[in-house]
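Here the structure of chain A is known, so what remains is to put chain B in place on it, guided by the hints.
So the chains spell out like this:
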Amino acid sequence: MTNPTLTAGAVERHLRARRDTGRGLLMPFVTGRITPGWTDCLRAFAAAGADAIEVGLPFSDPTLDGPTIQEANDTALARGASARRILADLAELPDLGVPLVASTYYNLVLHDGPEAFCAALRRAGVGGLIVPDLPVHEAGELTDVAAAAGIELVLLASPATPQPRLEEISRRSRGFVYAVSLMGTTGERDTLAASAAELTARIRRGTDRPVLLGFGISTPDQAREARRHADGVVVGAAVMRRVLDGAGPGDLRAFLATLRQALDQECDPPR
Amino acid sequence: MRDVLPRSEPVAAAGTMGEPQARGRFGEYGGRYAPESLVEACREVEETFREAWADPGFRGGLARLLAVHAGRPTPLTPAWRLSRELGVQLYLKREDLTHTGSHKINNVLGQALLATRMGRRRLIAETGAGQHGVATATAAALLGLEATVFMGERDMERQALNVFRMRMLGAEVVPVTTGSRTLKDATSEAMRHWVGATGDSHYCVGSVVGPDPYPWMVREFQRVIGDEARGQCAAELRTGVPDHVVACVGGGSNAAGTFAGFADTPARFVGVEAEGGAGAARGRLGVLHGCRSLFLQDDDGQITEAHSVAAGLDYPGVGPEHAHLRDLGRARYVTVTDDEAVGAAVRLARTEGIVPALESAHALAWVIRAAGSGELPAGSTVLMTLSGRGDKDISTLKELV
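Going line by line, the protein sequences match chains A and B.
Just so you know, the first sequence maps onto residues 1 to 271 in this note's numbering.
Just so you know, the second sequence maps onto residues 1 to 401 in this note's numbering.
Looking at chain A on its own, in the form it has when it is part of the complex:
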């Protein structure tokens, strides 16, 4: 078998190529089936310059999510959302030119079994998967199955992760490394946590895989600051609060454009 660290998947190749031009990466998040025309959000994200799109498959007990994403979950579930229906919607979408990354809790993966779940993601055109309650030492059951199905399993790193474990996470993560900026749940914050810089520096000591910072990044200023430390940002709660407040695809596109602009101002020289 080829050494998997030498063979990047499609999501990672896409992100590396963009990063290597000096571009700051932007991955907005949307909860699947949050509104009747929710896939229009994905088109808006792509049009605003997203480099990847995270689609949340809602779970009844999202233990790592703050109030905004919890409310988005509950709203979507009350509308009858399920992984199956969300993936069916995605399968009907034309190629947006931007990789799709699903995120959900491990119970939904186990429900149909890792193999069937990954196959369903693949059929829907999803390239990556984030499972916040599947830490690296429990991921063995899913790693090979996901790889065989062509799904890049993204692992999360936290400010509390010790260095040897961080290196293990960086080595085994696929697509990118998801750096959790702070010790807390998802949700908007006033400032970028001080722990973000230290964590990204520690991750980069052991890998050149793209590193995206997430949790609490809600404004252009925060995105700009995050870009100084990481290859890009994940923006979830700030998007979902707008959706819950009634924002349409046009509003989301305008909001993401401000983040895109901020990231473009803070660019590295091309590699």
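No lab work stands behind these hints: they were computed from the structure.
Given the structure is predicted, the values throughout are model-derived calculations rather than measurements.
C-beta atoms are modelled at their ideal positions from N, C-alpha and C, and glycine is treated no differently.
One or more of the hints may lead you astray.
Across the chosen pairs, the derived CB separations fall in these ranges [said to hold, decoys possible]: (1) A:21 <-> B:177: 51 to 57 Å; (2) B:56 <-> A:190: 29 to 35 Å; (3) B:284 <-> A:17: 39 to 45 Å; (4) B:87 <-> A:113: 44 to 50 Å.
Stretch-level coverage of chain A by chain B, calculated; a stretch enters the list once three of its residues show a Cβ under 8 Å from a Cβ in chain B [said to hold, decoys possible]: (5) 40-53; (6) 110-123; (7) 150-158.
For chain B alone, kept in the frame of chain A given last:
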């Protein structure tokens, strides 16, 4: 690196309720399915617990607290009149007589001592019926710690007395308004809170659930129930060991602690769940609140809400070791209805002069049913853990009786 590489401790023989296998496994269940932000905190709890549990000083200190503060050992009470009516010999392990009125204090005193050993100044807890919350508030007051207790809004209404007790003891009680507003949601909220507070706070999980090492550690702290009962049965019963050992199961801590004392005997284990919260009897494989176990879920994999007249059994899952004991056939898990439980509570009150918690009344309801159906043969000996007293349920009982 011990989280990444399998540990090399000797593997316990299946079903003997020893240490979990590598990576916190009980068979295929258990594990540490915690967000990465909590993994290091779980590792520290495990490391500290292993050291403490092997330290005679810690064990002696805990035993003394259990004796002078919690009132241990608790008696084994022969239920004379009820036994005559049922045609079996029923013995009650009286956890209702502990300080704070339920077995929860056993675990909490252990974890509170552990928290001080780790230098933590605050305990975080979830609670359903409020008994674990009251025990946590009590232990925090006793050891000079702060306590923050998460409780579903619906349970706060049902258990108003316990809410007042916790506040009187100096604890902060945080209402949880999400989901079914019961134990499941309180547990989620406590975990979320812990993610942001690992530096100064210990999450004092109240049952044999949660990420490794909690299911194992909480069972060890509760095994004092089974160990005491084992000795008491040896002295009291002609057979030395009861034919059946029965306990109610929400997450399953009093049952795990009781079973642990009899794991190497031929006693048959019965865990009694609420009809509307039967994780072991009717759950399917899943992951929730940090562990892999059996959970009630719908066809889409969403966790469903449990419903029980006993707030402490209102949990849609069961501890991983119970799932394993079920698979092995070492323990059997049965259900009783709200009505059966209420009926059993009244019957115990009138035959033995003991008002049990509605949770414990579930265990008794099965004993009554099984004695009636012949499933418990005439003359068989039954040890039942009476996990708590019924004072907290008086307002519920007032409406139903």
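Verdict for residue 87 of chain B, residue 113 of chain A (Cβ pair) under range 44 to 50 Å: 48 Å, holds
Residues of the segment 110-123 of chain A with Cβ under 8 Å from chain B, three needed, outcome: holds (count 3)
Cβ distance range 39 to 45 Å for residue 284 of chain B and residue 17 of chain A, holds or violated: At 42 Å between Cβs, range holds.
Assessment of proposed distance window 29 to 35 Å (beta carbons of residue 56 of chain B, residue 190 of chain A): Violated, at about 50 Å.
Verdict for residue 21 of chain A, residue 177 of chain B (Cβ pair) under range 51 to 57 Å: Since the Cβ atoms of residue 21 of chain A and residue 177 of chain B sit about 47 Å apart, the hinted range of 51 to 57 Å is violated.
Within 8 Å of chain B's CB atoms, at least three CB atoms from the segment 40-53 of chain A: coverage verdict: Since 0 is below three, the answer is violated.
Within 8 Å of chain B (C-beta), three or more residues of the segment 150-158 of chain A: Per the Cβ count (4), the hint holds.
Checked against the numbered hints above, the structure breaks hints 1, 2 and 5 and satisfies the rest.
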